[in-house]
Amino acid sequence: MTVSERGGRPAVLPTPGLLRSEALKTLSVRSWWALALPVAALALSVNVFGGLFGAAVGGLRDEAAGILPASLAYSLSLASVFAAVHGVVVATAEFRHRTVSGTYLVGGRVPVLLAKSAVAAGTGAVYALLTAVLGLLAGLLGQGAARLPSVGVLLAVVGIGIAVCALWSVLGVALGTTVVNQAGAVVGLLVYVLLLENLLSLVLRSGTEDGRAPAAVARLSSFLPANAGDIALFDLPARQLGGRFGPSIVESLAGVAGPPPGWGALLVLLVWTAAGLALAGVVGERRDIT
Amino acid sequence: MDPDGSGRIRVEGLAKRFGAVEAVRGLSFTVEPGAVTGFLGPNGSGKTTTLRAILGLVRPTSGTALVEGVPYAALPRPGRVVGAVLEAQGVHPARTARRHLQATGAAVGVGDERVAEVLGLVGLADAADRPAGGFSLGMNQRLALATALLGDPRILVLDEPGNGLDPQGIAWLREFLRGWAHAGRTVLVSSHQLAELGQIVDRLVVLDAGTCVYQGGTDGMRGRAAVRVRCADPARLARALAARGVLEIDHLAEGELAIAADAVLVGDTALAAGVALYGLTEERGDLEQMFLRLTGGAA
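Protein chains in written order, with the working numbering: chain A, 1 to 290; chain B, 1001 to 1299.
Treat the hints as calculated values from the structure; they're not laboratory data.
There could be a bad hint or two in this list.
Sample of chain B residues facing chain A (criterion: CB under 8 Å; computed from the structure) [claimed, not checked]:
hint, residue
1, R1052
2, V1058
3, G1079
4, R1095
5, V1108
Note that the Cβ used here is the ideal one computed from N, Cα and C, for glycine as well.
One chain only, chain B, in its complex shape (with noise of 0.2 Å):
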């Protein structure tokens, strides 16, 4: 089977167990071309893993994770296809920006005019002829994107790119990557913190504990938020609303509730159960809290 040139991944059923440690479960999702997908999760969530078995880097225990319609393994020009940066990827200590690039270009079939041009992309053209063990993290990260571009891929895998990089760096990133998902190449990029890759996520993968808690738009992400409700009635309330059909309730400390409902409908509802509303805030938009809520981390 041949590569089918979509710039797409897709991953179903992948489970990966390292010893007692099942890292990922029963894991699927696609990541779409033309889109930036955030890949989100706490650390140890399996994030780590699972970009690794897409590229073939770590054998699947089960399921498959496929580039473009096949395995990472049988694409015949993965350098091509795709470019990743990943954790912990290093560069041997002694050799120079420039010599690490040529070798890789070498690899991947291009030559010293494309490792000039990705140097001068990454900012990194100063430094090309430094050993890059005297490199600091963010300059490291530079000539990792550096060595993913080298082959012009249609598909970015990141992994914690924003790791070492300075706010100058991160906003730049950003925007590199806007840019390569609105030109109809393919973003997959990993973070355990919404906040480092705001606004340019169009698309969500959430892991939690090795499975997916929430895949989509991020606006369905910001339609699950929740009406933050202090009232006279609490118990009232809720039996109120779920009789509207809002089953969705969190009782919180002190009376509050926490609903996954439109805050005009729970507004109506209040009144006309007779419940006193003494506050109702809207929750609505905030990313950061239905992430920490899927994730299991405290709001």
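Next comes chain A alone, as it looks inside the complex (with noise of 0.2 Å):
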């Protein structure tokens, strides 16, 4: 008899059986691929005008090539967005439509809650991976492929990409679990990472240009998670195009102050993410089902 066929202390991981369940819920209704048509717009869209990052550099002619990683990068940090919500809509679905009772059943609290992580995190995977596919195809149209960028660099941001949006989407199952109510969990997501988490990062940075406030505040601002995400993902497309001052054009793009390297960011939206399911699994373990 194996440990997890005792009983005694209730099970923590998910079975594989839980993991195809969770995984079949998804695939039999729509929001994921409904969520994936902006997506591929976007991806599409963004690559092949070469976005926000093309105007934004438009001086730097020689550096042409750079500006398809850039876009991706971009397209992908877009991406995540959507990834997000997918996670909170699968998450919250279960308590719209009360099928969340059943579900607790036979799966567990907590293993749903990392089997519901474990399928949005690869649902968030796909979206990055179609925004990369779609994106470079638009972007080796639209920008012209005069200098092709270095496959390792695009490689690398796709990588990264596929991270941020697993990430994302497990950050949304957690924000699902512990808000439960889809419209408010959706709504909150999107005020956040659209609107507040960028007035945070204002606050944070205003003082520190006439040196009223300590530099240290500032930098706080690349430690926000959507921030975290978008220098992760911004990192190496801006030190092919700036070189050294790869670092403020990140700066510029993600709104924050002295942004550490794209790993250490990486890092930071997993501790972020750890930290969210930690806190979804008290809350929901503790939770009422009535």
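Bring the two chains, given one by one in their own frames, into a single complex with the hints.
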């Protein structure tokens, strides 16, 4: 008899069957591809026109080859928002449609949270891959392939994009499990990512230019979750574009001060995700399902 | 501690408070295998809260609810031990019945054959590939039952399963539950209407305002039924009965008495006491009346 076969202590890790169950649930409703449509549309349009990035560095004509990884990074950043929304939707759908009792009865709460997170991370990775494939195609067509960016850089950007989207999907599941109300959680997520975090960053950085606030406060802006994801994505393309001025390009793109290196930013996002999961685990475990 | 495989449910000193509302207090009872246990009580008496506490969906404020000797959350393969049909249990409206069962079945650890089996068992085979959003209340109840049966569990817990079922559906469900219990398994089925469970119930747990007011066989409840008497001098008859140890006497309107005793004893006592009887009716066997009396409803 293995440990998981015995009673006494609730299991934590999901069984393969539970993972399959959650995958079937995601695939049997249309929210995952309904959210994939805008992801695809954004990937195409951002990379065809070079997006904001092309305009921002319009002066650096010689570095045209660097624009594709950058616009790709930007579209991956947008994809991560949809990945997060998807995570929120799959977690809150259980409560909205009152399926959560049945789900908890056969799966157990913590294993269900982890299984949902794993499947949502997979969906997030699919969004990133979709963005990468369509973005590269559109980018090569639209930005011109005069000077191809190095395959290594592109692969690295796509790999980081997959990680960022997967992490945001899990954060979405954690948020949805904590908040439960579908409309509330989706709106809350979007308001935070698109508005609140930008305002927070502005406030954190506001005092530094004239030296009223210490630089350490401004640097906190790099440790907010959406900013951290952006830094991770923009770090490499910015170095390609601006060389040693890379970090300041990242600063202006992500709206942060004194960004850590890309891998550090990815680690920051990972910590946020782990913290979100832990909170969702505790809140979800204590909730009465009536 | 491992589940003991007994199919027994044991609730001990269970209490649950939602804010200011004390839904259940000091509730204790045991549900044995091989019988249909009816869980009766008026709406709002705490039935659903109790069932959900047994299933680990509601955290008790105090007390315990054990399934086969362990809390539900500690069952290693809960879907194989307990099947539950709960009120307000949903299916994603866009998912077909088959997909819903496949998704649950994957977590329980059963395959597509079992899904087809339970669909046939509850009579949903023809509707299997339609989205559940278009199902009637009765079809949803059948789907919920099919879901509960997936893991071929030893224990069935059903919360108001008759809701939305047509008379044929209810008759079918009764037969099904009776057969289930006769096969040596456990059935705990709640209802606010005794008539709905009718003759299939072997044991009763009656709940009122969050506490247990009766538990035991249905015979025990029938045995407490009353004799109604209309007589010339109710007070004298009551005294005479009290002298013979019959103390459960209700004084009803127009001088009638409801007496918890055998009709022969009441008649003999009245004769000995010299009280003329104008009418004597036995209410023996009327579970509904007793249920209403126990739960404070007007008889």
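Quick rundown of the hints versus the structure:
1. Proximity of R1052/B to chain A holds as hinted, the smallest CB-CB distance being about 7 Å (cut-off 8 Å).
2. Taken as an interface hint, V1058/B checks out: its beta carbon lies about 5 Å from the nearest beta carbon of chain A, inside 8 Å.
3. Proximity of G1079/B to chain A holds as hinted, the smallest CB-CB distance being about 4 Å (cut-off 8 Å).
4. Interface restraint check for R1095/B: the shortest CB-CB distance to chain A comes to about 5 Å, inside 8 Å, so the restraint holds.
5. Given the 8 Å rule on beta carbons, the hint for V1108/B holds: about 5 Å separates it from the nearest Cβ of chain A.
Hint compliance for this structure: every hint is met.
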